[in-house]
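Residue numbers (numbering that gives the first Met the number 0), protein chains in the order written: chain R, 0 to 125; chain U, 0 to 125.
Some hints could be false.
Computed list of lysine-lysine pairs in DSS-like fashion (alpha-carbon distance at most 27 Å, straight line) [said to hold, decoys possible]:
(1) Lys54/R / Lys53/U
(2) Lys53/R / Lys53/U
(3) Lys95/U / Lys95/R
(4) Lys54/U / Lys54/R
(5) Lys54/R / Lys95/U
(6) Lys54/U / Lys53/R
(7) Lys54/U / Lys95/R
(8) Lys95/R / Lys53/U
FYI, nobody ran anything at the bench for these hints, they're computed from the structure.
2 protein chains.
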Amino acid sequence: MPPLQGVLEASLYVDDLERSARFYQEVFGFAVIHSGDRLRAVRVTDRQVLLLFKKGASADHDGEGRLHLAFAIVPEALQAWERWLPEHGVVIESRKAWPRGGHSIYFRDPDQHLLELVTPGCWSIY
Amino acid sequence: MPPLQGVLEASLYVDDLERSARFYQEVFGFAVIHSGDRLRAVRVTDRQVLLLFKKGASADHDGEGRLHLAFAIVPEALQAWERWLPEHGVVIESRKAWPRGGHSIYFRDPDQHLLELVTPGCWSIY
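Turn these sequences into a full structure, and let the hints steer you where they fit.
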């Protein structure tokens, strides 16, 4: 099987590109690296991009609903995120402790997409 | 701002969990690491998981449409993927050469989600 390096782009479909780009920049620090009429691309890491597409604006793909996306954090950062999110107007909707020792916190973006921050000890591989 | 390591989980919403898990295993080699009534989780890398949710089966999130997801590949693997995909019943829908030198190929999964394999030279950061 040919090699593959990992997920480069994950996509969310949003009502308001400006509002979403502002949210991901202010809450996560993701810088905008592309700005167009139907798409904002924001940098998650040097190897990962989050694509914010305007709903209904792309010919060959589109999405509806409240999608789910999870970001990895180190255990030492969990308390800081627990403080940071409410300080930036984000309500923590729920928390989960995983049998393998990991912890997750869940909250919403402006389109009600379900975001998660998770520490190692969730999956067998992480 | 608290640190964040990157995208751990991206999600797709599918009609048939078995069919989708088989597709991602056979075409990409992603091993199933969790199997339940509403979710198959497959390993993309040691740090990334793709979640295949059954449409309409989760209470707090759900998705409709043909979503977009891109995987990074090295340039040397492009030709092998161009051969591998048709050999495994996958039709390459389109190709794109990026101004920065990267190349993308686009194709569909069983739910018509738009998948992309992309070599470096697409974004400013990759």
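Taking the hints in turn, this is what the structure says about them:
A C-alpha spacing of about 22 Å is found between lysine 54/R and lysine 53/U, which places the hinted pair at or below 27 Å, so the restraint holds. Using a Cα cut-off of 27 Å, the hinted pair lysine 53/R and lysine 53/U holds, with the two alpha carbons roughly 24 Å apart. Of the pairs offered as hints, the one joining lysine 95/U and lysine 95/R is violated, with about 41 Å between alpha carbons and a cut-off of 27 Å exceeded. Restraint check for lysine 54/U and lysine 54/R: the C-alpha separation of about 19 Å stays at or below 27 Å, so the hint holds.
For the proposed pair lysine 54/R and lysine 95/U, the alpha carbon gap of about 23 Å is at most 27 Å, so the pair holds. A threshold of 27 Å between alpha carbons decides the hint, and for lysine 54/U with lysine 53/R the separation of about 22 Å falls inside it, so the pair holds. A distance of roughly 23 Å separates the Cα atoms of lysine 54/U and lysine 95/R; the hinted pair therefore holds under the 27 Å criterion. A threshold of 27 Å between alpha carbons decides the hint, and for lysine 95/R with lysine 53/U the separation of about 21 Å falls inside it, so the pair holds.
Figure legend: structure checked against the earlier numbered hints; the only hint not met is number 3.
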